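K.L.:
Chains A and B supply the protein sequences, listed in that same order. Sequence positions in the first sequence follow the working numbering and run 514 to 1076. Sequence positions in the second sequence follow the working numbering and run 70 to 176.
Worth double-checking, as some hints may not be accurate.
Stated by the list, open to error - Keeping only pairs whose Cα atoms sit at most 25 angstroms apart, straight-line, the calculated BS3-like set for lysine-lysine is:
(1) K515/A with K649/A
(2) K684/A with K171/B
(3) K679/A with K133/B
(4) K948/A with K983/A
(5) K659/A with K766/A
(6) K1047/A with K982/A
(7) K684/A with K133/B
(8) K905/A with K1066/A
(9) K775/A with K758/A
(10) K766/A with K930/A
(11) K171/B with K806/A
(12) K659/A with K561/A
Claimed, not checked - Just the calculated beta-carbon pair ranges, DEER-fashion:
(13) I873/A with E74/B: 51 to 57 angstroms
(14) S578/A with P92/B: 26 to 32 angstroms
(15) E74/B with Y550/A: 50 to 56 angstroms
(16) K965/A with P92/B: 58 to 64 angstroms
Just so you know, these hints were derived from the structure itself, not from any lab. This one's a predicted model, so the numbers in the text were calculated from it and none came from an experiment. Note that CB positions come from ideal geometry on N, CA and C, so glycine has one too.
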Amino acid sequence: MKNYQCLLIADFNIENLASYLNHGNSAPAIKAAVAPYGQFMQSLMAGKGNDSGFDFIVVWTQPQSISPSFARALNFESISHDQILKEVDEFCSLLIQRGKQENYTLIPSWVMPTYVRGYGLLDMHEGLGLANILNKMNIRLAENLKGQKNIFILNTQKWVESSGKKAFNPKMWYMAKIPFGNEIFQYAVCDIQNFCQAIEGQYKRLVVVDLDDTLWGGILGDEGVKNLKLGGHDPIGEAFVDFQKALKALTNKGILLGIVSKNEEALALKAVNQHPEMILKQKDFAGWRINWKDKAQNIVDLVSELNLGLQSVVFIDDQPIERARVKEALPEVYVPEWSQDKMLYASTLLGLACFDMPFISQEDLSRSAMYASERKRKNLKSSFGSYENWLKTLEIKVQVERMDSYNIQRMAQLLNKTNQMNLTTRRLSEEEFKKWAEEENHWVWAIRVSDKLGDSGLTGIISLDVDDKKGRIVDFVLSCRVMGRKIEETMAHVLYYYARELNLNELYAEFIPMERNNPCFEFWQDSGFHYNQKKNQFSWNLEKEYGLPLFIKLERPSLCYES
Amino acid sequence: MEQRENIISLIFNAIDEVNQLLPSERRLDKTPETVLSNKSSQGALDSLGMVNFIIALEQLIDEKLGVSLSLADDLIISEEHNPFQTVGILADNINTLLKENKMARNL
Chain A
514 MKNYQCLLIA DFNIENLASY LNHGNSAPAI KAAVAPYGQF MQSLMAGKGN DSGFDFIVVW
574 TQPQSISPSF ARALNFESIS HDQILKEVDE FCSLLIQRGK QENYTLIPSW VMPTYVRGYG
634 LLDMHEGLGL ANILNKMNIR LAENLKGQKN IFILNTQKWV ESSGKKAFNP KMWYMAKIPF
694 GNEIFQYAVC DIQNFCQAIE GQYKRLVVVD LDDTLWGGIL GDEGVKNLKL GGHDPIGEAF
754 VDFQKALKAL TNKGILLGIV SKNEEALALK AVNQHPEMIL KQKDFAGWRI NWKDKAQNIV
814 DLVSELNLGL QSVVFIDDQP IERARVKEAL PEVYVPEWSQ DKMLYASTLL GLACFDMPFI
874 SQEDLSRSAM YASERKRKNL KSSFGSYENW LKTLEIKVQV ERMDSYNIQR MAQLLNKTNQ
934 MNLTTRRLSE EEFKKWAEEE NHWVWAIRVS DKLGDSGLTG IISLDVDDKK GRIVDFVLSC
994 RVMGRKIEET MAHVLYYYAR ELNLNELYAE FIPMERNNPC FEFWQDSGFH YNQKKNQFSW
1054 NLEKEYGLPL FIKLERPSLC YES
Chain B
70 MEQRENIISL IFNAIDEVNQ LLPSERRLDK TPETVLSNKS SQGALDSLGM VNFIIALEQL
130 IDEKLGVSLS LADDLIISEE HNPFQTVGIL ADNINTLLKE NKMARNL
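Chain A extracted, bound-state conformation (with noise of 0.2 angstroms):
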């Protein structure tokens, strides 16, 4: 995983926070350096330096230093929220100015001290409680960055509670002038190097359940499905409910079920089907392994199905041995600690901070229909003899768009967590991946793809540096979940086709080896194209043609009307 560089900005004493994240032993790795302390707005304003090299930058500051109505108003003077807010508009301007020059940029949400009391009884009063228009500063902040897409707020809310009567300690900002307590400091770095796997793609995407006792109270094979626990008047019954709404919602934002569980499999999906409190049902998950074999095993062969990694995974299941067993034969799988008290699964649950998204795309919310569309071409694909036979039925559509504002954020997401298709596997900022767009002979095409059963969405991008009369292939990246479809070859087609219509004699494509990126070695050595060992390079003689697929339906926009 790489190694991250930041640079804190604050208008207190942040070495705390700079040095939890530099001494830290938990991944990814962040060294962090420290703007002058006293110099906070000459430090935003001054910009990015030309060799800063910094992956992100993180603003904090306390809302009496950005808001002199504010600091004022803690002193309970009578003053108009609305020149508060319109101090908060000015300081996001200057967010902004400096976003644009950055990465990413963190802003931790601005906090009173549990002690201050404000105005008690009034203090969540219009126009004069000092909580309430807190809360409208933060509002005002969500709402003027809503737009910059490399800005992220982070709830310091949250670490407050979490914190409890340790979050502020007068003492601190007495003696150092800090105005935390130490433990928030280590919520935010949580937050932050979740952060960083966010934008890396390594959130979770897949949670795998055992059933009983963990979706259902009770053993089924012994009691059988009327006797579970599932709803009903009954306590432990509704925190089951529960866990299964909280495992629903996450379906919602685009993460996928799975079932791993020692069971008979008829009987399971029965009573998954046929009980009247289940709240998941059959269709809501994208795979299942029930059986009584290993479930390490299992949890592998599910996730190959999936075409997922197995670093993707999380695995809930009441049985520490499982967990024990899962952990140590697959380390890359998230088991989290599970609690013995099922009225906590639900809270457990919800509490995870491993399916944190830098941003939520279309595909991400369509994910589970798109895996049972898959579910049902699989069944297809097995009443059709041929390979061939069977993509032919599919009435495969694969539409071609040049990278523009609608689609850059998927654009990014795909290129940034894309492992096994992937020639080079280069990792870009959503800016950074347009400002190469952007530049002369640079050339950026999404892939959508589509069939009878269902939309995948935007799954490919190619990309071609042209220089003289060859064209490089610098970025070369497919979804696994549309794989081996012939989308490959079809995109290979397309940049032959663009290729002649610059005008070049040559296309060429340099594969980087990396850790998970082998079955797009593999694509290229079948691909036609002639390699050349020494150089890892494969390449196409733009005089011969090079064929789209007879089946696939394409639709490409022409160079001339783009440029």
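On the provided structure of chain A, position chain B as indicated by the hints.
P.N.:
Just chain B, lined up with the frame of chain A:
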């Protein structure tokens, strides 16, 4: 004697907390001889490290012993006498403070 051992155990807990803020080569050992504060000693805490240590220790004493101390005020540092010099010396000083505190409460 038992009280002193309790205090040393709390000091070790505070060292654990402060060590999270230090690079591995500067982390403090958990022994009574460990130097905490000494201008001439390389292994000692710097000023921010000392603030973090004192506050962590005060919180631990408050939580575990139910006594609110202000170590930076109550333990006077002078040229000749540094109550924070080592873990052992600090434990003795806190032990004395706690006894005085108890006596004051009993008055």
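K.L.:
All hints, please: hold or fail.
P.N.:
Going down the list of hints, with the structure as the test:
Annotation: proposed proximity of K515/A to K649/A is violated, straight-line Cα distance about 37 angstroms (limit 25 angstroms). Between the alpha carbons of K684/A and K171/B the distance comes to roughly 24 angstroms, so the proposed pair stays at or under 25 angstroms and holds. Distance check on the hinted pair: K679/A and K133/B sit about 15 angstroms apart at the alpha-carbon level, within 25 angstroms; holds. For the hint linking K948/A to K983/A, the alpha-carbon distance of about 22 angstroms falls within 25 angstroms, and the restraint holds.
As the CA atoms of K659/A and K766/A are separated by approximately 19 angstroms, the hinted pair is consistent with the 25 angstroms bound. A C-alpha spacing of about 22 angstroms is found between K1047/A and K982/A, which places the hinted pair at or below 25 angstroms, so the restraint holds. The suggested pairing of K684/A with K133/B holds, with an alpha-carbon distance near 19 angstroms, which does not exceed 25 angstroms. Distance restraint check for K905/A and K1066/A: the Cα-Cα separation of roughly 11 angstroms lies within the 25 angstroms cut-off, and the hinted pair is therefore satisfied.
With a C-alpha separation of about 23 angstroms, the suggested pairing of K775/A with K758/A holds against the 25 angstroms cut-off. For the hint linking K766/A to K930/A, the alpha-carbon distance of about 17 angstroms falls within 25 angstroms, and the restraint holds. Restraint check: the Cα-Cα separation between K171/B and K806/A comes to about 64 angstroms, which exceeds 25 angstroms; the hinted pair is violated. For a cut-off of 25 angstroms, the pair hint linking K659/A to K561/A stands: about 22 angstroms separates their Cα positions.
At roughly 54 angstroms, the beta carbons of I873/A and E74/B sit within the given window of 51 to 57 angstroms. About 30 angstroms separates the C-beta atoms of S578/A and P92/B, a value consistent with the hinted range of 26 to 32 angstroms. Taken as a hint, the range 50 to 56 angstroms is violated for the pair E74/B and Y550/A, whose Cβ atoms sit roughly 40 angstroms apart. Evaluation of the 58 to 64 angstroms hint for K965/A and P92/B yields a pass: the beta carbon distance comes to about 60 angstroms.
Hints 1, 11, 15 from the list above are not met by this structure, while the remaining hints are.
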